[in-house]
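For the record, the sequence lines run as chains A and B. Quick note: the UniProt record's numbering has the first sequence finishing at residue 368, numbered continuously throughout. Quick note: the UniProt record's numbering has the second sequence finishing at residue 397, numbered continuously throughout.
A hint or two may mislead.
[Said to hold, decoys possible] The following residues of chain A were derived to be distant from chain B, with all beta-carbon distances above 10 Å: (1) Ala-113; (2) Arg-131; (3) Arg-195; (4) Lys-296; (5) Gln-320; (6) Gly-327; (7) Asp-353.
[Unchecked claim] Cβ pair distances, simulated, as ranges: (8) A:Gly-287 <-> B:Thr-193: 55 to 63 Å; (9) A:Ala-186 <-> B:Asp-26: 35 to 43 Å; (10) A:Asp-183 <-> B:Thr-197: 45 to 53 Å; (11) A:Asp-183 <-> B:Glu-265: 35 to 43 Å; (12) A:Asp-266 <-> B:Asp-216: 45 to 53 Å.
For the record, the hints were derived by calculation from the structure and aren't laboratory data. The C-beta atom is built at its ideal place from N, Cα and C for all residues, glycine as well.
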Amino acid sequence: MDITDETSSDAALLREHALRWVEQAYDDLHELSGRAHPQGFDPDIAREVAAQGFLGVMVPEAKGGTGGGLAEMAGIMEAVGRGIVAEPVLSVGGIAAPLLARLETPEADAFLAQLVAGESTAVLAHYESARGFDRSVTTGARQDGADVRLSGEKANTLDLAGADTLLVTGLDANGRLGLYRIDPAAEGVTLKIYRTVDGRTTASLTLADASAERLSGSDDIAALVDETLDAAAFLVCAEALGAMRYLVDVTADYLKTRKQFGQTLDRFQVLQHRIVSMLLATEETAGVVEAVIDAKQPRRARAIALCKTVTARSARYVAQQSVQLHGGIGVTDELKISRYFKRLMMCESLFGDEDYYTARYEALRPPA
Amino acid sequence: MDYPLPELSAFRLDVIRFVEANLPADIAEKVRLNIEPEKSDLYRWEQILNGHGWFCGHWPVHAGGAGWSPLKRYVFEQAMAEAGAPPLQPFGQAYVGPVIIEYGTDAQKQRFLPKIIDSTEFWCQGYSEPSAGSDLAGLKLRAERKGDHYVLNGQKLWTSYAHWADMIFLLVRTSQEDRPQKGVSFILADMHTPGITIRPIITLDMKHHVNEVFFDNVEVPVENLVGDEGDGWKIAKFLLATERLIVAETGKARRLLSQVRTVAENTLEAGKPLFEQSAFRRAFTEAEVQLQTLEAFCARQLKGVAQGKVLGFEASLMKIRGSELLQSITELGSRVAARKGLALSPEPLPEGSNGEQAEPTEASALLSEYLFQRAATIYGGSNEIQHNIVSKARFGF
Numbered sequence: 001m002d003i004t005d006e007t008s009s010d011a012a013l014l015r016e017h018a019l020r021w022v023e024q025a026y027d028d029l030h031e032l033s034g035r036a037h038p039q040g041f042d043p044d045i046a047r048e049v050a051a052q053g054f055l056g057v058m059v060p061e062a063k064g065g066t067g068g069g070l071a072e073m074a075g076i077m078e079a080v081g082r083g084i085v086a087e088p089v090l091s092v093g094g095i096a097a098p099l100l101a102r103l104e105t106p107e108a109d110a111f112l113a114q115l116v117a118g119e120s121t122a123v124l125a126h127y128e129s130a131r132g133f134d135r136s137v138t139t140g141a142r143q144d145g146a147d148v149r150l151s152g153e154k155a156n157t158l159d160l161a162g163a164d165t166l167l168v169t170g171l172d173a174n175g176r177l178g179l180y181r182i183d184p185a186a187e188g189v190t191l192k193i194y195r196t197v198d199g200r201t202t203a204s205l206t207l208a209d210a211s212a213e214r215l216s217g218s219d220d221i222a223a224l225v226d227e228t229l230d231a232a233a234f235l236v237c238a239e240a241l242g243a244m245r246y247l248v249d250v251t252a253d254y255l256k257t258r259k260q261f262g263q264t265l266d267r268f269q270v271l272q273h274r275i276v277s278m279l280l281a282t283e284e285t286a287g288v289v290e291a292v293i294d295a296k297q298p299r300r301a302r303a304i305a306l307c308k309t310v311t312a313r314s315a316r317y318v319a320q321q322s323v324q325l326h327g328g329i330g331v332t333d334e335l336k337i338s339r340y341f342k343r344l345m346m347c348e349s350l351f352g353d354e355d356y357y358t359a360r361y362e363a364l365r366p367p368a
Numbered sequence: 001m002d003y004p005l006p007e008l009s010a011f012r013l014d015v016i017r018f019v020e021a022n023l024p025a026d027i028a029e030k031v032r033l034n035i036e037p038e039k040s041d042l043y044r045w046e047q048i049l050n051g052h053g054w055f056c057g058h059w060p061v062h063a064g065g066a067g068w069s070p071l072k073r074y075v076f077e078q079a080m081a082e083a084g085a086p087p088l089q090p091f092g093q094a095y096v097g098p099v100i101i102e103y104g105t106d107a108q109k110q111r112f113l114p115k116i117i118d119s120t121e122f123w124c125q126g127y128s129e130p131s132a133g134s135d136l137a138g139l140k141l142r143a144e145r146k147g148d149h150y151v152l153n154g155q156k157l158w159t160s161y162a163h164w165a166d167m168i169f170l171l172v173r174t175s176q177e178d179r180p181q182k183g184v185s186f187i188l189a190d191m192h193t194p195g196i197t198i199r200p201i202i203t204l205d206m207k208h209h210v211n212e213v214f215f216d217n218v219e220v221p222v223e224n225l226v227g228d229e230g231d232g233w234k235i236a237k238f239l240l241a242t243e244r245l246i247v248a249e250t251g252k253a254r255r256l257l258s259q260v261r262t263v264a265e266n267t268l269e270a271g272k273p274l275f276e277q278s279a280f281r282r283a284f285t286e287a288e289v290q291l292q293t294l295e296a297f298c299a300r301q302l303k304g305v306a307q308g309k310v311l312g313f314e315a316s317l318m319k320i321r322g323s324e325l326l327q328s329i330t331e332l333g334s335r336v337a338a339r340k341g342l343a344l345s346p347e348p349l350p351e352g353s354n355g356e357q358a359e360p361t362e363a364s365a366l367l368s369e370y371l372f373q374r375a376a377t378i379y380g381g382s383n384e385i386q387h388n389i390v391s392k393a394r395f396g397f
């Protein structure tokens with residue numbers, strides 16, 4: 001175990017700031033923003049999110065960010081989870097911006113500033129429909145004189161409905177993975193946008209010789225993409241933690257007030273024990289989230305695999321039991337907890353579910 | 001599957017064949033994709049069944065039914081669900097129909113039963129209230145006698161398909177007594193009576209199944225009272241007893257499990273069908289083991305019923321396992337849907353969206369069913385309450 005270093009106090013301040021912002025500015029009306037907008041989020045609030053600096057947390061100061069890492073971003077994601085914030089904090093601040101920052105090319109850096117400022121919204125299109133949670137790709141990049149053209153099928157691209165730019169991974173003629181910028185409105189790009197269970201959006205896209213700009217250098221970026229997806233999976237765990245803590249709080253309050261059979265529900269031992277099990281699952285999640293922040297390379301990937309395995313299981317349990325303990329009212333769309341239930345379903349499976357990360361945890365076992 | 005009595009196994013196959021041959025293709029497709037059938041779809045299917053003498057088969061012959069035994073009815077219901085027929089709405093044929101046959105006056109029988117059998121009047125059930133959920137005896141809706149009428153004031157909650165209903169049967173409070181179960185009466189009201197307001201409730205699956213129904217000085221003729229004042233609790237228990245065998249939906253579970261298999265075979269993970277992945281296959285096998293265990297448990301209870309045994313707490317045990325099974329099968333379905341990004345088809349994209357509406361798929365159908373089945377361990381007495389019932393009935397705790 002590593003002792004937490006001084007950067008974590010910055011992380012704690014940022015977490016407090018984000019939690020306050022969510023509580024004060026992101027009220028019940030905003031919570032509906034996912035479903036009310038075709039983008040799956042509210043563009044005005046997305047600009048406010050950028051103004052809060054949430055999108056540049058993982059970008060170095062020299063590139064316009066605040067130079068934090070996973071610890072800082074995890075605190076923000078916990079607040080995002082607690083307030084069920086629909087705006088693309090994860091897809092831009094946790095994925096697209098840090099990925100671009102690490103490409104170290106003039107093309108990527110030039111675009112990064114717009115992204116961090118919230119002037120542009122770019123999302124990563126990596127997963128492919130025939131691959132499920134598997135991270136390998138078959139999309140190909142073909143050099144066409146001075147141009148590059150991409151062909152392939154991408155799936156599960158989050159927040160694409162509200163994005164103006166696609167960041168697409170593809171293999172060049174030498175089998176090296178690169179990152180390409182594509183205009184979603186360009187010729188040869190066909191989008192299919194789906195409303196996800198939580199009222200936000202995902203999309204699949206077909207690329208048929210679509211015109212692209214290469215953002216990565218000549219090196220293969222497979223390892224970088226792998227780290228990016230690990231980080232995304234981890235940040236989803238931090239988000240789930242915030243949502244789970246909220247559910248434990250409101251469910252405990254409900255048990256204290258709802259009366260059946262002449263007494264409040266908190267008098268029933270089976271329910272007392274159930275909410276303790278929910279708390280236990282939540283605090284275990286807090287433990288595995290912190291363990292990722294504490295883990296040094298090369299152990300971090302395996303710590304994330306463990307973290308997502310445990311979080312997926314806990315998120316499912318806490319979400320299901322908070323509905324169960326609310327009874328009939330818990331299955332209505334009107335009650336806020338039903339939306340947390342659905343968001344936690346997303347958290348459970350985004351970037352890989354329990355099965356995927358259990359297998360990955362095993363595959364990353366260090367040699368004896 | 002084999003039932004304890006050979007004639008039941010043969011009947012099961014008859015029902016499955018009948019559904020395959022007679023269920024209209026558009027309705028079958030809605031069931032497969034978990035799209036809510038219209039009221040007219042249900043009426044259409046009920047009338048097809050009625051033409052074959054099967055719609056109210058469990059009613060006595062003198063009331064227009066076929067006089068099926070509880071066992072035969074159980075086999076019928078499970079086989080229908082297994083074959084992919086839409087679930088019959090129970091409120092008329094299964095709930096209020098048998099109550100009227102048992103407790104109703106001749107005038108009530110003549111007025112209400114024919115319109116249930118020929119599917120021209122739709123019923124709903126007014127039981128639960130805001131403060132009377134699992135604790136039904138806590139109901140408050142008042143019915144005050146004023147001349148030839150009862151005047152109803154109060155609210156019902158979770159009223160399924162009130163928005164389709166022509167009639168409602170209600171438990172109401174006609175007097176305040178020492179025990180909350182006393183002073184409850186069973187009454188029938190026309191849903192078009194002035195003073196009734198319906199407010200829709202959208203559930204987790206984003207569908208409109210249930211409602212709040214408000215009663216504001218609603219006048220109901222006294223001849224609509226079933227039995228005497230204060231008979232409500234007795235009648236409710238009678239109704240519950242007729243339902244005892246159908247608490248475990250093994251037929252539906254069978255159909256859903258087979259659908260999970262189909263979608264998992266057609267969903268690729270790293271280029272290979274998900275169904276071939278060891279972790280998924282193991283979970284699927286586990287669900288199948290649970291299903292066959294429940295079928296075996298139910299079959300054993302059926303043998304007892306065939307020998308004249310009346311089910312008591314065993315029905316609660318069947319309800320506990322039946323609801324858990326539907327949840328674990330649909331949870332497995334949601335794991336397949338997760339590979340498709342948890343796209344939920346009934347949720348439309350708002351105006352101005354640049355995307356196409358996701359068409360319903362079998363994966364989104366299972367996802368929607370997963371959301372709906374979260375209620376299975378809550379309605380009809382939560383599973384926590386079922387555990388209490390069994391511990392009291394079996395052990396005297």
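Here is how each hint holds up against the structure:
no., hint, verdict
1, Ala-113, "holds, 26 Å"
2, Arg-131, "violated, 6 Å"
3, Arg-195, "violated, 4 Å"
4, Lys-296, "holds, 29 Å"
5, Gln-320, "violated, 7 Å"
6, Gly-327, "violated, 5 Å"
7, Asp-353, "violated, 6 Å"
8, A:Gly-287 <-> B:Thr-193: 55 to 63 Å, "holds, 59 Å"
9, A:Ala-186 <-> B:Asp-26: 35 to 43 Å, "holds, 40 Å"
10, A:Asp-183 <-> B:Thr-197: 45 to 53 Å, "holds, 52 Å"
11, A:Asp-183 <-> B:Glu-265: 35 to 43 Å, "holds, 37 Å"
12, A:Asp-266 <-> B:Asp-216: 45 to 53 Å, "violated, 34 Å"
When each numbered hint is compared with the structure, violations occur for hints 2, 3, 5, 6, 7 and 12.
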